[in-house]
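Put the two chains together into one complex; each comes in its own frame, and the hints tell you how they fit.
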Amino acid sequence: MAAHAEQVDNKTLWGGNGSPFRISYGKQMMWIFLVSDALTFGGLLTGYGYARHTHDAWPIGEQVFRSLPFTNGDFPLIYVALMTFILIVSSVTMVLAVEAGHRMDKKGVTKWLLLTVVGGAFFVGSQAWEWSHFIHGSHDGAVMISETETARIVHHGEEYKLQSYQTGKVLAEGDAALAQIREAKEEGRVMQGANLTENEYGHTHYANFFFFITGFHGFHVFSGVIINLIILLQVVRGAYDKRGHFEMVEKVGLYWHFVDLVWVFVFTFFYLV
Amino acid sequence: MERDDLHLDEAYSRAANHDEAHGVAIRKKIWMVTAILTAITILEVGLGIMIKQGTDLWPVVKWSFILLTGVKAAYIVLVFMHLGDEKKSFKYVILVPYILFILYLIFICVQESSYINEMFEYFNKM
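Protein chains in written order, with the working numbering: chain A, 2 to 274; chain B, 8 to 133.
Chain B extracted, bound-state conformation (with noise of 0.2 Å):
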């Protein structure tokens, strides 16, 4: 028996089809985000050589670290994944829970793991 429910998915995938011109300009992109992440990533690497951990400077460089990883991310999830170019009720669907549950759950590890630090601290000091 044949599918009679995926009419429209086949126009869907068919859709997304594309000729030689739009390649070159989206070849074009891809490239271009290629060297924005090779960019941020050198960046990283020389920052990360010439500050070492245990210095004051250190704080400014592990949080820009963090910063210039989400950037990254973006880039990827955006532009290489594609979520960019689809709907954008879908792109909602798929990042508004994961962002925040994700901010929720690294607020409750921080909270909860400083209070236990703390509280090794003081009965260590008992």
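Chain A extracted, bound-state conformation (with noise of 0.2 Å):
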């Protein structure tokens, strides 16, 4: 680390042959590429802020992300909590491959960089699952009470409840919700999943900007993942101990710790406020 930097006179240091930040080029133009990465997540998110702010209602995180895959129950954003803690799980073995990288031991950085990359994989895969459930829709679907308000239809055994997708309030039950139900599959505003058009949770702001947003970070996250097993061969292979020093590692290293930052953000905004 340049923690321990030698004093060297201005003149050497912005002579040229280097970079007067004592970095090297390929390191500093990562960090440049990640800026200009995070002001396109920026305003992809100002952008979602500024959506969901024209709007006084607007689908609660909680009430629409509710399922585990394999399972039939209820499972509050648990298994986002999940995925969250996979990625910062793998961001942290990342760390640890670099810092096995700055000791030269290979099969450290093979170790720690491998399990970065199941990490990678798992979160992937289960944001394509819940992508593949937001469309299917949830277990009954939803009526659509005005253009402002959506109610998920849940059901125990015969006990059926009307929860508002934009408040978590119960808004009939037993009887009252079944003739409201009724009346809704008459007029036809009754519906599952979501669509080109339009969706079970509420406005359909909601679902473009939720398949927008993830799907730009999954696809970072996806190609991630291939650049991480490409450097993984390269380090197999022994190319970094033949260069002397395992700064490439770093660099991806880098882009996957964004990669997990931008996805703090998009936890935060998109599905805990």
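Calculated directly from the structure, the hints in this document are not laboratory data. The hints are all genuine.
A short, non-exhaustive set of chain B residues, derived as facing chain A with CB atoms under 10 Å:
| no. | residue |
| --- | --- |
| 1 | A18 |
| 2 | N24 |
| 3 | H25 |
| 4 | D26 |
| 5 | H29 |
| 6 | I33 |
| 7 | L44 |
| 8 | F72 |
| 9 | I73 |
| 10 | K94 |
All C-beta atoms in this analysis are idealised placements derived from N, C-alpha and C, irrespective of residue type, glycine included.
As structure tokens, then:
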């Protein structure tokens, strides 16, 4: 690390043949690329914030994302929390890979980088499942009560409930709920899942931004997994032992941490608040 | 033809290498930061479970989420991405323009969307 940088006089530092920031060209350019990509995601997230605040009523993440793969139960935000945890863990394994690289420990780098790839692959697979479930819809669909209110049809056995996506409140239970559902079915106001024109969770903007933002992010994770795999192969082939440093691992590590960082923000602003 | 302008780059790259003794201290720091990030996340999940949207305490929880996310971001960028170990001038080159720009972007988004929201309300009432 540059922590133990010797004090060089300015003439040598700025005299050319190397960055005055005491950083290699490749690493510097990766940072600049990450700033540009961060501006892209910053724009997407602020665009989302803008569109969301033009409406008063908006679906609550906790009401929309309640399912877990291979189960039929109700687990609000649990799967997304698991995905977040796995991605952060993959970030930690990435840092450990970089640290092993700084000790020229090829076996260590291989181990930690492989774990990072596995974590990333899990995340992409999970996001794909989330997409398919979002499109498929909740168990029984939802009633479009008004332009600003949609209510999920919840039923345990014969007990029916209507729970609002926008406030989480139970709007009707038992026979009253059944009556509303029947009336809505007759008027064609029951919807399940999401398509290109409408979705059961609320305003069309909600689904649009969900796919756009998580899609862009998922694409970055996917490309990150591929890049990490390629660098892992290079590590195993001994390309960096020859070079004398594992800086390429550090550079792709920067990209991977960026991907994790974006997810932390997407998770907060889309799912939590 | 061999490149003759990257000799210093190679030196910079190799200067980042450290021995096992340093490695122990650095790995300890990594696990410490991991523990901090996990603790913050557990706190956020706990708050989210206990205090729901629509209740009085929700705005407090919402802003604490945003603040804590900023804290997490700072730890990830400064420690995991090693920006904290770079030269101060480089740190500033990366962080200052971005933070200034993002703050402005957030301000203008909130300002304009509030206005559009009011216009929707007004014209819907007419």
